[in-house]
Structure formats: structure tokens, C-alpha cells
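*Asks:* Using the sequences provided together with the hints, build the complete structure.
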Amino acid sequence: DAKTTQPPSMDCAEGRAANLPCNHSTISGNEYVYWYRQIHSQGPQYIIHGLKNNETNEMASLIITEDRKSSTLILPHATLRDTAVYYCIVISFGSNYKLTFGKGTLLTVNP
Amino acid sequence: DVKVTQSSRYLVKRTGEKVFLECVQDMDHENMFWYRQDPGLGLRLIYFSYDVKMKEKGDIPEGYSVSREKKERFSLILESASTNQTSMYLCASSLPWTGEAFFGQGTRLTVV
Numbered sequence: 001d002a003k004t005t006q007p008p009s010m011d012c013a014e015g016r017a018a019n020l021p022c023n024h025s026t027i028s029g030n031e032y033v034y035w036y037r038q039i040h041s042q043g044p045q046y047i048i049h050g051l052k053n054n055e056t057n058e059m060a061s062l063i064i065t066e067d068r069k070s071s072t073l074i075l076p077h078a079t080l081r082d083t084a085v086y087y088c089i090v091i092s093f094g095s096n097y098k099l100t101f102g103k104g105t106l107l108t109v110n111p
Numbered sequence: 001d002v003k004v005t006q007s008s009r010y011l012v013k014r015t016g017e018k019v020f021l022e023c024v025q026d027m028d029h030e031n032m033f034w035y036r037q038d039p040g041l042g043l044r045l046i047y048f049s050y051d052v053k054m055k056e057k058g059d060i061p062e063g064y065s066v067s068r069e070k071k072e073r074f075s076l077i078l079e080s081a082s083t084n085q086t087s088m089y090l091c092a093s094s095l096p097w098t099g100e101a102f103f104g105q106g107t108r109l110t111v112v
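If you read the sequences in order, they're chains A and B.
For what it's worth, the numbering used here labels the leading residue of the first sequence as 1, then goes sequentially.
For what it's worth, the numbering used here labels the leading residue of the second sequence as 1, then goes sequentially.
Derived by calculation from the structure, the hints in this document are not laboratory data.
One or more hints might be untrue.
Per label pair, the in silico range of CB-to-CB distance [said to hold, decoys possible]:
1. B:105 / A:103: 47 to 55 Å
2. B:95 / A:42: 18 to 26 Å
3. A:66 / B:67: 39 to 47 Å
None of the values given here were measured: they were computed from a predicted structure.
Glycine included, every Cβ here is placed at the ideal spot set by N, Cα and C.
*Replies:* In C-alpha cells form, the structure reads like this:
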């Protein structure tokens, strides 16, 4: 699976959009980009995923560059409850794929 | 509501003890995973299983073994607990061909 690079930490003001970048320059054509977040003392929670196209759901939007070498997770109106570690991972599917996480980005939403 | 349940939230064991961490999911998922999480090191994969009685080593399997006798249950075994296995342990499950995994609430294990 391709490696990902994320900044270790970011800050965002409450009510503003939070844009979390992820670099996955070695991604191959059949690999998906997934995002999770982990609020303190809880297990990680799936947010969104994509292959080539931009995706949006009730939690966030995912923008993937045309060359697929990077992506951005957007939380349109960050709240204090969005303070968490956000993980970007790349997955190549087989029936027994590995689901591995890096260190993620600690997003702190400030009042 | 989907559920992954880990048998204990907090556990204290002595060095050298055999420790069992249990994980049960009620979603009929084929894939199950065990991770440990330590400050500064992120979430690291210990073992995973994609079917009953099947197991695969993750990135840090040393000192651990697993058992999957039934589809819904995946056990992590510390044959002889050591202090460097003090950690938060997280279990997850998913369907095959999807990266959407569901996690348990974690077990904080302290080995003294």
C-alpha cells in the first residue's frame, strides 16, 4: 500500500473550514484514499473515502487532485467536537487487505 | 446499530501472566483486526484475520498470538505479558472489499 504523509498538527477556528492535507505520491491506480478520525479515548471512526472523484457526505468533503498524489479532507464548519486526530490511509483491496494507520494530524479547533 | 465490543475497558496484569483480550462483533464481518496505540507511535497493526481460523501478521506481531474460532470473535493473546506491552489495544472489524472498519472502545492494559 502507498505511504501517506500528513502534518502532525493543525489549528482551526471554530466555525471556519478545516482543510486537512494528505500526500500520497506513490498511490497506484487501484488504491483508494480513506479518512478516519479519532476523538480522545475513543476508537477511530470512518469519515469518507474516494478513488478519483471528489466526494461529500454529511460529515466532510474529500478533494482528490487529478494526479491522485494528494488529497484534502474538508470539514466545512469546524466545531469544538471536531478536535481529534485525523488519519489519511491508502488501501489496495484484496479479500485480506491490511488496514494500517500512520500517526495522523491532530486538529485542534479553537473557540 | 453496529457494534464491536471489547471485553474489558481497563485491565491490570502481572509480568509473565498469560493475557486474553476478547473482541466480539455483531455485524457478521469477515475481517477483524487488532491494534495497539502508544503515545507518539500512532495506531499499529498487530494481527488481522479475514476468515474463521485464518490469521495474518501485521506490523508488530512479536509477543502476541491470536485466535479466531468463530466468525464473531477475535482474541488477542499475550503468552507471557511484559511491561512493554502496556498499551491501549483496539479491535476493529470490516466487510471484505471495503476500508470502512468499525472499532471497539479499546482496552487499556497495564502490565506491572
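*Asks:* In ascending order, which of the hints set out earlier in this document are inconsistent with the structure?
*Replies:* 1
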